Amino acid sequence: MIVKDAVCPFCGCLCDDIEVEVDGDRVVAVTNACELGTKKFMGEKRLKNPILRDGDAWKDITYDEAARYAAGMLLSAERPLLYGWSGTHGEAQCVGVHMAELVRGVIDNTSSVCHGPSILAIQEVGHPGCTLGVVKNRADLVIYWGSNPIDAHPRHLSRYTRYAEGFFLDNAFRDRKVIVVDVRKTETANIADEFVQIKPGGDYAVLSALRAIVRGKTETIPRTVAGVTREQLVRVANLCKGAKFGAVYFGLGLTMTRGKYKNIRNAIELVSELSRHTKFTISAMRGHYNVYGSNEVNTWMTGYPFGIDFSRGIAFYNPGETTAVDILARKECDAALIVGSDPAAHFPRKCLEHLAEIPVVQLDPYPNATTAFCNVQIPVAVTGIDAVGTAYRMDGVPIRTRQVLSSGYPSDREVLLKMYTLMQEGKGQ
Amino acid sequence: MKVTLAMKPTARSFIPIEAESIVPKNFLAGTDLVVWRGNRELRLDEVFTVTVEGHADRSENVEVVLSGDDTFRLKRVGEYMEAGKITVLGNIGMHCGNFMTGGEIEVRGNADGWLGREMGGGTIICRGDAADYCASGYRGGRKGMTGGTVEVFGRAGDFVAEHIAGGTVIIHGSAGDMPGAEMHGGTLTVHGDCSRPAANMKGGSCYVFGTAQGMLPTFRKIGTVQHEGRTLIRFVGDVANRGKGNLFVRDYVYLD
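Going down the list, the protein sequences come from chains A and B. With the numbering used here as the guide, the letters of the first sequence map in order to residues 1 to 429. With the numbering used here as the guide, the letters of the second sequence map in order to residues 1001 to 1256.
For the record, the hints were derived by calculation from the structure and aren't laboratory data. This structure is a prediction, so every number in the text was calculated from the model and none was measured. Every residue, glycine too, gets a C-beta built ideally from N, C-alpha and C.
Below, a sample of chain B positions facing chain A; criterion: calculated Cβ distance under 7 Å: (1) Gly-1038; (2) Met-1094; (3) Arg-1220; (4) Tyr-1254; (5) Leu-1255.
Each computed SDA-like pair below joins lysine to any residue, with the alpha-carbon atoms no more than 25 Å apart: (6) A:Lys-39 with A:Pro-367; (7) A:Lys-331 with B:Val-1034; (8) B:Lys-1202 with A:Thr-220.
In isolation and in its complexed conformation, chain A is listed as follows (with noise of 0.2 Å):
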């Protein structure tokens, strides 16, 4: 059987125009998606059943057993944190913030450590964005700082910038320029028109100085900013000043370095002050198929977007402290529910060395290296092959995700509502 039209589950482009073809309860063939999405359509050896940890090994369990030590687990905790939610779909990150505010505990998704320094950044100045579809049919110039979109996001410069036909744009391959901005030659950079390569750290520097030479005021600039001449700045400043329609697209290069927000806000008000002279926009590069989402869900049902704290009865955000990797360093939870997401892989390791200490649940179709660090381990659907649910493309869109396959697996949501259920009862509701 084909399924046409399928949702790519795995980044933020979230592409929509991928064919499977399934054979039984195996994907057998995938088409239109990139290597990164095939591979996640043709999966790999999943976990079979709840898993317990008992001394060393590990014992299967059944969901209900899982549910019921999570739900324990959550209750007696003193300040449990609830993290991940970027991999999976909108209505179980729904039953998660429930379940935080039921718990009084702090809910967190993995945009605390990629992009959630865009968002302190909109928070201070907004954001000028715009959909992908917009500067697939008009944008003659894209900016990608900080991104390596060849290796990350594969197909964002054939269906939106680079290689993609543009409605308003006659020959779209030539009339539109990309600049690269970056601290390495990426294999991006090696497509790009312009490459402006700056020193690590430099990047607000950078764009501090574009912003001055936009507003005509060259001559304050040093004869070069973190590496970059200021023949080159003032170059790129005439280029995008040029433009008909600009659109900047960043990358963890610009969030995660030296001034992290701070870069952001700077990149947005660069955007802004071109915006006196031309039509501008910036988008972040979204990571995971769904954060996205995971940040429109919180917001809408607790006013802010990751990192909040339910310990007091009401919601409390202060990225920084109430995020997971500072809880985790400082020891300051005692619990952990992680749903799609793998933090063993990628937090620091004083961070591990707590979530060592206390107990953890984990919700993953697949032993990754998060597992190492459980008590118990629930397997659940896929969204976008074995389950259906919302999720939310990089600039905002939301997409229904649809299942290529039937697998018997439950749904982070199902699983989420078991849980749910036994708390409510547990806390007499």
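Here the structure of chain A is known, so what remains is to put chain B in place on it, guided by the hints.
Frame of chain A; chain B shown alone:
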């Protein structure tokens, strides 16, 4: 009146305790107060050994002394404080002196993040080091500190006095990255070194008596000035945003 709160050692030692009830005014009506450890509400005497000496009918005459090895876990001590005095003999946790408008807080040890966040008045003295966001604003806020004084005798972390709009901040040691970011009023003085001071400033004055590392390229050099017996180089900026702030540094290095 002197209220001594000696913190009891506990087993679950790292869950933070939110103690915004510890302000001098609250002790006028007794010591029947609550604090929160994670999601659990606790009576003050479950966490501290409480001793009260003397009597007072005005907050100005109340001094609260916090002691114990675990006071670094206490958050929000002195929040919304209007008058009186709080002395912390050891280290203090995050958000000490948030929104304070009067009175004095003295921390003999180190202070954790957000010391004196969005402070409006009064005095905070930290004898040790202050962590990140000392005397800063809140996430997404446009105005940080608007008045009062914060003096740190040790070092300070990153983003000291971010969004400062009024008041005085003095760091006797070195400061981290981006002190006085988005500054639009008030005065920040760093006696030691720091990096990228006064980023995107609009107004106010920032003094660096050491070296400004990674000096931003968007400040216009005016010339040298004499200040408190020191020769400093004066810059105006941040020109990236039409800013009219003053940045004085003894010495600077561009990231070029």
